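Visitor: Chain by chain, the residues:
Protein chains: 2
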Amino acid sequence: MGDIAVVGIGPGAAKQCTPEADAAIGRATVVAGYTTYIALLEGRLDGKRLIATGMMREIERCHAAVDAAMQGERVAVVCSGDAGIYGMASLVLESAEGKGLDISIFPGITAACSGAALLGAPLSHDFCTISLSDLLTPQDLIDKRVRAAAMGDFCIVIYNPMSKSRRDKLSRACDILLETLRPDTVCGWTKNIGRDGEQSKILPLSELRDEEVDMFTTVFIGNSQTRAIDGRMVTPRGYENKTHQSRH
Amino acid sequence: MGDIAVVGIGPGAAKQCTPEADAAIGRATVVAGYTTYIALLEGRLDGKRLIATGMMREIERCHAAVDAAMQGERVAVVCSGDAGIYGMASLVLESAEGKGLDISIFPGITAACSGAALLGAPLSHDFCTISLSDLLTPQDLIDKRVRAAAMGDFCIVIYNPMSKSRRDKLSRACDILLETLRPDTVCGWTKNIGRDGEQSKILPLSELRDEEVDMFTTVFIGNSQTRAIDGRMVTPRGYENKTHQSRH
Numbered sequence: 009m010g011d012i013a014v015v016g017i018g019p020g021a022a023k024q025c026t027p028e029a030d031a032a033i034g035r036a037t038v039v040a041g042y043t044t045y046i047a048l049l050e051g052r053l054d055g056k057r058l059i060a061t062g063m064m065r066e067i068e069r070c071h072a073a074v075d076a077a078m079q080g081e082r083v084a085v086v087c088s089g090d091a092g093i094y095g096m097a098s099l100v101l102e103s104a105e106g107k108g109l110d111i112s113i114f115p116g117i118t119a120a121c122s123g124a125a126l127l128g129a130p131l132s133h134d135f136c137t138i139s140l141s142d143l144l145t146p147q148d149l150i151d152k153r154v155r156a157a158a159m160g161d162f163c164i165v166i167y168n169p170m171s172k173s174r175r176d177k178l179s180r181a182c183d184i185l186l187e188t189l190r191p192d193t194v195c196g197w198t199k200n201i202g203r204d205g206e207q208s209k210i211l212p213l214s215e216l217r218d219e220e221v222d223m224f225t226t227v228f229i230g231n232s233q234t235r236a237i238d239g240r241m242v243t244p245r246g247y248e249n250k251t252h253q254s255r256h
Numbered sequence: 009m010g011d012i013a014v015v016g017i018g019p020g021a022a023k024q025c026t027p028e029a030d031a032a033i034g035r036a037t038v039v040a041g042y043t044t045y046i047a048l049l050e051g052r053l054d055g056k057r058l059i060a061t062g063m064m065r066e067i068e069r070c071h072a073a074v075d076a077a078m079q080g081e082r083v084a085v086v087c088s089g090d091a092g093i094y095g096m097a098s099l100v101l102e103s104a105e106g107k108g109l110d111i112s113i114f115p116g117i118t119a120a121c122s123g124a125a126l127l128g129a130p131l132s133h134d135f136c137t138i139s140l141s142d143l144l145t146p147q148d149l150i151d152k153r154v155r156a157a158a159m160g161d162f163c164i165v166i167y168n169p170m171s172k173s174r175r176d177k178l179s180r181a182c183d184i185l186l187e188t189l190r191p192d193t194v195c196g197w198t199k200n201i202g203r204d205g206e207q208s209k210i211l212p213l214s215e216l217r218d219e220e221v222d223m224f225t226t227v228f229i230g231n232s233q234t235r236a237i238d239g240r241m242v243t244p245r246g247y248e249n250k251t252h253q254s255r256h
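Here the protein sequences come in this chain order: A and B. In this note's numbering, each residue's number is its place in the first sequence (first place is 1) plus 8. In this note's numbering, each residue's number is its place in the second sequence (first place is 1) plus 8.
Same shape as in the complex, but just chain A (with noise of 0.2 Å):
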């Protein structure tokens, strides 16, 4: 019987991808992943069977995966950013049930991470993650997350703004946190991250309402305390003043 590593592969740069993730694809026989991704892996795929498939055939392409190991090949899903984090990790481990199949997961630098670190420092205290996709999650849950998060004075990173048939996601969700949020909060996002078009901005939630995001957009809402210092966007680690820490 063959495995199946799930491979985290970082934004996209090779630079950014870690040895172990990079040696679990060099290992593979057969490499799965959505066609954008399989792409950034140029030159690192000779003489390795692709199974590449478009975005929203992830089922498909995982059930694929699953039947190339049984039959005894060395399969890596590839993902970009981790593997875990709105990656293909949980649909591998659901579709593999049952079946004794040897299951390695490989983490990567997810968008939150190498997103911040372009913007400065944005996640140096407790944050959340929501994605704003409502083609597997009711709108309402997105909706009371959102307003949670609010509540809970957390950072938050926003994962896939857009969809191609809705635009207002975004929007969307400023409206519920300006509601609570005052409209100076200091927000940003970033684009394409180690990619050619690398793009980031910084700028207050009143503003981040009506900007223009597309797929590959990763956003990021500070919290009360996070500011704008020589032109990064930073988030304090503490609440309290500073010198506090001397006491300890």
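Everything labelled a hint here was simulated from the structure, so no lab data went into it. All of these numbers come straight from a predicted model, not from anything done at the bench. Be careful, since some hints might not be right.
Which copy is meant is left open, so a pair is good if it fits within one copy or across any two.
Claimed, not checked - Computed list of lysine-lysine pairs in BS3-like fashion (alpha-carbon distance at most 27 Å, straight line):
hint, residue 1, residue 2
1, 107, 209
2, 209, 23
3, 23, 56
4, 209, 56
5, 107, 177
6, 177, 56
7, 199, 209
8, 56, 107
Guided by the hints, dock chain B onto chain A, whose structure is given.
Guide: Below, chain B alone, put in the same frame as chain A:
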């Protein structure tokens, strides 16, 4: 003038550190970090000046790093896990405010990602990270966030589940969660990820309450959909029936 790189080295093993983070340490003339993490870099620090200080001396370490950079050194401030998530990036940016230093942030694999990979796929849907350390955060804000996370049916990753002085942090958080969540909510913890003594365990919320944890433990609490599959902790990506996806 020198520069500063704030570098996330991942859980500790070299195979989980990105090439760009490794290169940033290689370029540095001075390396600053918590003594325990400096020790993990053994063999990669030849010829470099070290600023190694114990826990809770982060502010001193930052000031020393900024001073060294102002004197022309290329300084790497190393953090375990990610550079931003409960890391040093924000303190460095705050300490260097207005000084005109060139500061780069290199993301790393945070315990939410590496621990999740060890347990299975607990974070495949929206999640929060919460630190239970009350050194820099008022206890009532920690309690409020735990409550808000439960209200939003978020998966939760708990960093710093205990401090040296206080052992009841985790049971306090579990008691708050048990006001809302089912006692059989699937939970897990990981310890010493990628290092000697690596351990993990999956258990229900009702038992997590009395579990022995230490400062190297990361705790995972599932959402209402999380289940154990073949001994792994798995949060499904979708709330709706999976066959829903075939519509697209």
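Visitor: Taking the hints in turn, state whether each one holds.
Guide: To see whether the hints hold, each was checked on the structure:
1. 107 with 209: This pair counts as between: shortest inter-copy Cα distance 22 Å, intra-copy 47 Å.
2. 209 with 23: For residue 209 and residue 23, only the intra-copy Cα distance (23 Å) is at most 27 Å; the inter-copy one is 32 Å.
3. 23 with 56: Answer is both; intra-copy 22 Å and inter-copy 23 Å each pass.
4. 209 with 56: Close neither inside one copy (39 Å) nor across copies (35 Å); limit 27 Å.
5. 107 with 177: neither (39 Å within a copy, 39 Å between copies)
6. 177 with 56: So residue 177 and residue 56 fail the 27 Å test inside a copy (39 Å) and across (49 Å) alike.
7. 199 with 209: within (9 Å within a copy, 37 Å between copies)
8. 56 with 107: within (24 Å within a copy, 51 Å between copies)
Hints 4, 5 and 6 from the list above are not met by this structure, while the remaining hints are.
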